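Student: Residues per chain, in single letters:
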Amino acid sequence: MNSVIGMIFVAVGLAFNVLGCIGMIRLPDMYNRLQASTKCVTMGTCMVMIGVMISAGFLHSAQLSARCIICMVFILITAPTAAHALAHGAYSFGVRLWEKSVVNRYEEDFPKKSTDQDHE
Amino acid sequence: MKQVAMFLLLLLLWVVLVWPFEAAGGQIHLVAGELVPGIFVALLVVLIMRHSIPEGFKAWINPVRLFWFVVYVGVFVFYVIKANFDVAYRIIHPAMPIHPGIVKVKTTLKTRAGIAMLANAIALTPGTLTLHAEENGDLYVHWINVKATDVEGATGYIVSRFEWLIKRILE
Numbered sequence: 492m493n494s495v496i497g498m499i500f501v502a503v504g505l506a507f508n509v510l511g512c513i514g515m516i517r518l519p520d521m522y523n524r525l526q527a528s529t530k531c532v533t534m535g536t537c538m539v540m541i542g543v544m545i546s547a548g549f550l551h552s553a554q555l556s557a558r559c560i561i562c563m564v565f566i567l568i569t570a571p572t573a574a575h576a577l578a579h580g581a582y583s584f585g586v587r588l589w590e591k592s593v594v595n596r597y598e599e600d601f602p603k604k605s606t607d608q609d610h611e
Numbered sequence: 038m039k040q041v042a043m044f045l046l047l048l049l050l051w052v053v054l055v056w057p058f059e060a061a062g063g064q065i066h067l068v069a070g071e072l073v074p075g076i077f078v079a080l081l082v083v084l085i086m087r088h089s090i091p092e093g094f095k096a097w098i099n100p101v102r103l104f105w106f107v108v109y110v111g112v113f114v115f116y117v118i119k120a121n122f123d124v125a126y127r128i129i130h131p132a133m134p135i136h137p138g139i140v141k142v143k144t145t146l147k148t149r150a151g152i153a154m155l156a157n158a159i160a161l162t163p164g165t166l167t168l169h170a171e172e173n174g175d176l177y178v179h180w181i182n183v184k185a186t187d188v189e190g191a192t193g194y195i196v197s198r199f200e201w202l203i204k205r206i207l208e
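Chains as they are written, first to last, in the numbering used here: chain A, 492 to 611; chain F, 38 to 208.
If you are wondering where the hints come from, they were derived from the structure by calculation, not from laboratory data. Computed from a predicted structure; not experimentally measured. Beta carbons: idealized from backbone N, C-alpha and C, even for Gly. Hints should not be assumed to be uniformly reliable.
To be verified - Quick list of the computed label-pair ranges, beta carbon to beta carbon:
no.: 1; chain 1: F; residue 1: ASN173; chain 2: A; residue 2: ALA573; range: 20 to 26 Å
no.: 2; chain 1: A; residue 1: ARG587; chain 2: F; residue 2: TRP56; range: 47 to 53 Å
no.: 3; chain 1: A; residue 1: THR572; chain 2: F; residue 2: GLY63; range: 42 to 48 Å
no.: 4; chain 1: A; residue 1: PHE565; chain 2: F; residue 2: LEU80; range: 18 to 24 Å
no.: 5; chain 1: A; residue 1: ARG587; chain 2: F; residue 2: ILE129; range: 21 to 27 Å
no.: 6; chain 1: A; residue 1: VAL503; chain 2: F; residue 2: HIS130; range: 15 to 21 Å
Kindly generate the complete structure, drawing on both the sequences and the hints.
Tutor: Pasting the structure below:
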C-alpha cells in the first residue's frame, strides 16, 4: 500500500518536472522561463523525495528519510537563490524582456547606459 | 560561542548524511572511521567561515519565534503548491495567458536576513521572482501576471502575505 502511494507521489512529481521543461520551451523570454523552471522543478523534486520516503517507510529506514528531508530543505533554499542570481545576472548582461511585457519599473529606476548594442 | 554552535550543526548534518552507525549483534555501534572525517571537515569549514557566521544565533532559541516559524512553513508550503498549479496552468493553456513585467515593491523589514528570507519566499510563490533587492527594502520583482503596476498595489499583492510572518520570526 505504501509503495503505491509513494509511486503516485513520484509520478505527480515527475509530471510537474515535465511541465517545467515544457514551460522552458514554450514561454517567451528568459525571466518567464526561469519562473517555470524554478517553481515546477522545485515542487516536482520535493514530491519525488516525499514519494521515496513514503514507499521506503518513514521509520523503517530513518536514514533514507533524513537524507530526503535534507535534500528537500536544500532545494527549497537554493533553487530560488539560484533563480534570483540567474535573473539578476541576465538583466545586468542585457537580456531584454518580452516585447509584450506590461511594465518595467527596474529600468525606470536604474536606466541602462546606452551601449553599442542598442544602436544596432 | 557561535562557532561552537555552527560546528555542532555541521556535525549533525554530517551524521545525518553519512549515518556512521552499524547494527551488529543487536547493538548499534558508532563507526569512528566515518565520524572522524566529519569532525575534521566541520572544523575546517568553521575555521574558514568564522567571519561570515551571521549574528543572532541565540535569538532563535525562543519558542514564540519557533512557533511562528512553523506557521510560516505551513503558509509557505500552501503557496508553493498554489504557485505550481498556477504556473502549470499558464504553461499548458494553448493561449498562454501571461502578462509579464517587473514591478517595484517596498518592504518594511529592516534586517538583511529578513529581506533575504522574503526574497526567497517571493521566488517560490505564484508567478513572482525577485530580480533585485536594495538595502533599504525596495525589491524589484518579475511578475508573470501583473495585476497592479503601482508600488502600493503590487506590495499588497506580493509582499503582505509573508511580511507579517517574517517580522514575527526575525525582528
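Student: Determine for every hint whether it applies to the structure shown.
Tutor: Now the hints, each set against the structure:
1. ASN173/F x ALA573/A: 20 to 26 Å: The hint (20 to 26 Å, Cβ to Cβ) holds, given that ASN173/F and ALA573/A are roughly 25 Å apart.
2. ARG587/A x TRP56/F: 47 to 53 Å: With Cβ atoms ~49 Å apart, the hint holds.
3. THR572/A x GLY63/F: 42 to 48 Å: holds (45 Å)
4. PHE565/A x LEU80/F: 18 to 24 Å: Given range 18 to 24 Å: holds, Cβ gap about 22 Å.
5. ARG587/A x ILE129/F: 21 to 27 Å: Holds, since ARG587/A and ILE129/F (Cβ atoms, about 26 Å apart) stay within the stated range.
6. VAL503/A x HIS130/F: 15 to 21 Å: holds (19 Å)
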